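Visitor: Required output: the full structure, derived from the provided sequences and hints.
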Amino acid sequence: MPTPSPVAAPTAFAPTADQPITAEGEPATPVHVRLILVRPPHLGDTVEAQLIVSAIQPAPGTTAGFVLPAGVSVAAGQGEQRLDLQPGQPITLSVVLRFDTVGTKEIIGRALTPQPNGDIWGDQAVIYVDVLAAGQTLDQNTPTPPPAVPAS
Numbered sequence: 006m007p008t009p010s011p012v013a014a015p016t017a018f019a020p021t022a023d024q025p026i027t028a029e030g031e032p033a034t035p036v037h038v039r040l041i042l043v044r045p046p047h048l049g050d051t052v053e054a055q056l057i058v059s060a061i062q063p064a065p066g067t068t069a070g071f072v073l074p075a076g077v078s079v080a081a082g083q084g085e086q087r088l089d090l091q092p093g094q095p096i097t098l099s100v101v102l103r104f105d106t107v108g109t110k111e112i113i114g115r116a117l118t119p120q121p122n123g124d125i126w127g128d129q130a131v132i133y134v135d136v137l138a139a140g141q142t143l144d145q146n147t148p149t150p151p152p153a154v155p156a157s
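Position 130 of the sequence shown, counting from 1, maps to 135 under this note's numbering, and the rest follow consecutively.
Note that these hints are calculated values from the structure, not bench results. Be careful, since some hints might not be right.
Unchecked claim - Quick list of in silico lysine to any residue cross-link-like pairs, SDA-like style, CA-CA up to 25 Å:
#  : residue 1 : residue 2
1  : LYS110    : GLY49
2  : LYS110    : PRO63
3  : LYS110    : PRO25
4  : LYS110    : PRO92
5  : LYS110    : ALA75
6  : LYS110    : SER99
7  : LYS110    : THR97
8  : LYS110    : VAL72
9  : LYS110    : ALA138
10 : LYS110    : GLY140
11 : LYS110    : GLY82
12 : LYS110    : GLN91
13 : LYS110    : ALA81
14 : LYS110    : ILE61
Claimed, not checked - Here are the in silico distance ranges between beta carbons for each label pair:
#  : residue 1 : residue 2 : range
15 : SER99     : GLY66     : 19 to 27 Å
16 : PRO35     : ALA139    : 23 to 31 Å
17 : PRO119    : SER99     : 44 to 52 Å
Note that the structure is predicted; figures quoted are calculated from it, not measured. Ideal placement from N, C-alpha and C gives every residue a C-beta, glycine not left out.
Guide: If you want it as structure tokens, here you go:
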């Protein structure tokens, strides 16, 4: 799948509560995506992710899936599928993701539909999430700036 730039501001989240994390694209085409991570991950976790793909007009041959960084893999489910979208009939792709390394991870959900004239309809949603080791907090990762030096 090509890697276009995100069209929407990504959702950033640190694992502070077991609540779903969601992001939506800002579609400029008839295709729209919504990305959901059911809860924040910790190192070694498996967490369900969902990509809800919809269209406001028929979009046959749409390729929808997840783009994952190093240290994140699909533990169960299909990370990419070909869909024939119909208006008002969203399709949900569900996978279980495994988080094997700590750090800030960029999870992308994307849908692209090639058009006969060579154009591509598409949308994507991005979630940035901090994956921490057990017992680790974000404060431990935040460097402390040096003390200010008074001007002479």
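Visitor: Next step is simple, just say for each hint if it's right about the structure.
Guide: So, going through the hints one by one against the coordinates:
Restraint check: the Cα-Cα separation between LYS110 and GLY49 comes to about 14 Å, which is no more than 25 Å; the hinted pair holds. The hinted pair formed by LYS110 and PRO63 fails the criterion: a straight-line CA distance of about 33 Å is larger than 25 Å. For the given pair, LYS110 sits about 16 Å from PRO25 by alpha-carbon distance, which is consistent with the 25 Å threshold. Between LYS110 and PRO92 the alpha-carbon distance is near 32 Å, which puts this suggested pair outside the 25 Å criterion.
In summary, the hint linking LYS110 to ALA75 is supported, as the alpha carbons are separated by about 8 Å, within the 25 Å threshold. Using a Cα cut-off of 25 Å, the hinted pair LYS110 and SER99 holds, with the two alpha carbons roughly 19 Å apart. Pair hint LYS110 plus THR97 holds up; C-alpha atoms about 22 Å apart against a cutoff of 25 Å. A distance of roughly 11 Å separates the Cα atoms of LYS110 and VAL72; the hinted pair therefore holds under the 25 Å criterion.
A C-alpha spacing of about 14 Å is found between LYS110 and ALA138, which places the hinted pair at or below 25 Å, so the restraint holds. For a cut-off of 25 Å, the pair hint linking LYS110 to GLY140 stands: about 19 Å separates their Cα positions. Taking the CA atoms of LYS110 and GLY82, the gap is near 20 Å; set against the 25 Å cutoff, the hint holds. Distance hint between LYS110 and GLN91 is unfulfilled; the C-alpha atoms sit about 32 Å from each other, more than 25 Å.
Taken as a hint, the LYS110 and ALA81 pair is honoured in the structure, with Cα atoms around 19 Å apart against an allowance of 25 Å. Restraint check for LYS110 and ILE61: not satisfied, since their Cα atoms lie roughly 31 Å apart, outside the 25 Å limit. In this structure, SER99 and GLY66 meet the distance hint of 19 to 27 Å, their C-beta atoms being roughly 21 Å apart. Taken as a hint, the range 23 to 31 Å is violated for the pair PRO35 and ALA139, whose Cβ atoms sit roughly 44 Å apart.
A beta carbon spacing of about 25 Å between PRO119 and SER99 contradicts the range 44 to 52 Å that was offered as a hint.
Comparing the model with each numbered hint stated earlier shows that hints 2, 4, 12, 14, 16, 17 do not hold.
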